[in-house]
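A.B. asks: Make a model of the complete structure from these sequences and hints.
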Amino acid sequence: MTQPSLYGSCSGTMRRVMDRMTEQIAAFGKTYELQYGEKLYEHLNCRIKSEESMREKLRRLGLEETPFSALRSVTDSIGIRVVCLFIDDVYECVRQIKGIPGCTVILEKDYIQNAKPNGYRSYHMILSVETPEPDAEGKTPGHYYVEIQLRTIAMDTWAALEHEMKYKKSIANQELFIQELRRCANELASCDVSMQTLKRMIREGNE
Amino acid sequence: MKILFAEDETDLREVVTAYLEYQGYHVDAVSNGRQAAEKAAADAYDTIVLDVMMPEMDGVTALRRIRETGNTTPAIFLTAKAEVADRVEGLDAGADDYLTKPFAMEELSARIRALGRRTREYRIRIQSFGNLELDLEASELRARNAIGLAHKEVRLLSCLLSNTDRSVSSEELLKEVWSNEPADSDTVWMYISFLRAKLRSVQANVTIEGDRNQPFRLKEIGYV
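Residue numbers (the numbering used here), protein chains in the order written: chain X, 1 to 207; chain B, 1 to 224.
Since the hints were derived computationally from the structure, they do not count as laboratory data.
Just so it is clear, CB atoms sit at the ideal spot from N, CA and C, and this is done for glycine as well.
Certain hints may be false.
[What the hints assert, rightly or not] Straight line, CA to CA, 27 Å or less: simulated BS3-like cross-link-like pairs of lysine-lysine:
#	chain 1	residue 1	chain 2	residue 2
1	X	K166	X	K57
2	X	K39	X	K109
3	B	K219	X	K199
4	B	K152	X	K199
[As the list claims (entries may be wrong)] If you want the ones that stay clear, here's a sample from chain X, every Cβ over 10 Å from chain B, calculated:
#	residue
5	S11
6	Y32
7	K39
8	T131
9	I153
10	I171
[Said to hold, decoys possible] What follows is a set of in silico ranges between Cβ atoms, one per label pair, in the way DEER data are often shown:
#	chain 1	residue 1	chain 2	residue 2	range
11	X	K199	B	L91	46 to 52 Å
12	B	P215	X	N118	35 to 41 Å
13	X	T22	B	G130	38 to 44 Å
14	X	K109	B	E176	37 to 43 Å
15	X	M165	B	R125	27 to 33 Å
16	B	E68	X	Y36	49 to 55 Å
C.D. replies: Here's what the structure looks like:
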C-alpha cells in the first residue's frame with residue numbers, strides 16, 4: 001500500500017513558492033550584476049525536503065505526520081542555499097532578500113558573526129512567504145516557510161566536509177577530526193576576511 | 001634541564017660539569033666550538049655555556065653558527081679576557097650573558113637559573129586584552145568567535161599586545177615583525193587592515209587605533 005502524500009495538495013504550491021523565491025533572488029542578482037559588473041552570488045541551490053526525510057524528522061520530533069506539522073510546525077520543507085564569493089556579498093543578499101515583496105523574516109541567525117562551536121559558519125533566515133494559493137491550514141492567501149542559508153564558497157566547502165563526517169558513523173579518533181575541522185573553519189574564515197579586506201582596499205584604491 | 005657546555009681546559013670542564021650535575025642539570029660537555037655547534041644542531045638544550053678561547057673553533061664563531069640555524073637557546077659566554085670589545089663581540093654574536101674568569105660556581109648556576117626564568121616568560125602562549133585572546137601557539141585569535149591568523153598577523157598583534165600602554169610606529173612594527181624582509185609601511189597598513197577585519201569578525205571589544213603611516217595602538221571599546 002502506498003502512503004498518502006505527506007505534503008498533499010500543498011506540494012504544487014510549495015514548488016511554485018520555491019520557484020518564485022529563486023526567481024526573485026535571481027532577479028536582484030541580475031540587477032546587481034548589470035550595475036556593478038560582477039556576480040552578487042556564485043550559485044544558488046534549492047530543494048523541497050523529500051517526504052521520506054520529512055517523515056523521519058516529524059517522528060524524531062514526536063509530531064504527527066500531517067501536512068500541518070510538515071509545513072507549519074517545521075520550517076525547512078522549502079530550502080534555498082545561496083553561495084557567494086565574498087562575505088560582504090552574503091550580507092548584501094540578506095539585505096535584498098528582506099526587500100522581496102510578500103516575505104516576512106521569522107527568524108535570522110548570523111552564524112558568520114557567531115560561528116557554531118564546531119566552526120560552522122553561514123547566515124540563516126527563515127521567511128514566511130505569502131502566496132495567493134491556500135496553505136496547510138487551508139487559509140487563502142497562504143503562507144509557507146522558506147529556509148534560506150547563505151554563505152561563502154569556503155564555508156560551503158567546509159559544510160560539505162562536515163556533513164560527510166557527521167554521517168560517517170565510525171571514524172577512528174573522531175575527536176581529532178573534529179578538532180582539525182574546527183581549525184580548518186577558523187583558517188578558512190581567516191582567508192575569507194583577508195580576501196574581503198583586499199577587495200575593499202583594491203576598490204578604495206581605484207576610487 | 002639540559003645544558004651544553006664547551007670548555008677546552010680539562011680540569012675546569014670536569015669540575016664545572018660535576019658541579020652542574022650536582023645541581024641537578026643534565027650536562028653534555030665538549031672541548032671545542034666545532035663539537036659544540038654539532039651538538040647544538042643534533043640535540044635540544046635549555047642553556048648553552050661556551051668558553052670563548054677554544055681550539056678548532058672559538059666560542060663566538062660556534063655561537064654564530066648555532067644562531068644561523070635559527071636556534072635561540074639562551075647562551076652564556078665564559079671569558080678569560082675582561083676586554084670590553086670581547087664582551088661586545090660575544091653578545092653581538094647572540095649570547096644572552098657572560099661571565100669573566102675566574103668565576104664562582106654559584107654565580108654560573110644563578111645566571112643559568114636567571115636565563116631560564118626569562119625564557120619561560122618569553123614563552124607566553126596566550127596574550128590577552130579586553131575580551132581578546134591571542135593564542136601564539138595555535139595562531140588563533142579568539143573573542144566571541146575564533147579565527148586563524150597568518151604568521152605575520154600573529155607577530156604584529158603580539159607586538160601591539162605587548163605595548164598596549166603606548167603607540168607603536170610603522171617603523172618599529174616593520175623592524176619587529178618583518179626585520180630583514182622586503183616590506184614597507186604599505187605592508188604594515190595591509191596587515192593592520194587584515195587584523196582590524198579579523199578583530200571585528202571575532203567580535204572583539206578591542207580595535208587598532210591609528211591611520212596609514214601613523215603609529216598604532218590597541219584600544220578597548222564597548223561592544224558593538
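A.B. asks: For each hint, tell me whether it holds in the structure or not.
C.D. replies: These are the hints, each one checked on the structure:
no., hint, verdict
1, X:K166 to X:K57, "17 Å, holds"
2, X:K39 to X:K109, "24 Å, holds"
3, B:K219 to X:K199, "26 Å, holds"
4, B:K152 to X:K199, "20 Å, holds"
5, S11, "40 Å, holds"
6, Y32, "22 Å, holds"
7, K39, "22 Å, holds"
8, T131, "37 Å, holds"
9, I153, "17 Å, holds"
10, I171, "22 Å, holds"
11, X:K199 to B:L91: 46 to 52 Å, "47 Å, holds"
12, B:P215 to X:N118: 35 to 41 Å, "39 Å, holds"
13, X:T22 to B:G130: 38 to 44 Å, "43 Å, holds"
14, X:K109 to B:E176: 37 to 43 Å, "40 Å, holds"
15, X:M165 to B:R125: 27 to 33 Å, "29 Å, holds"
16, B:E68 to X:Y36: 49 to 55 Å, "52 Å, holds"
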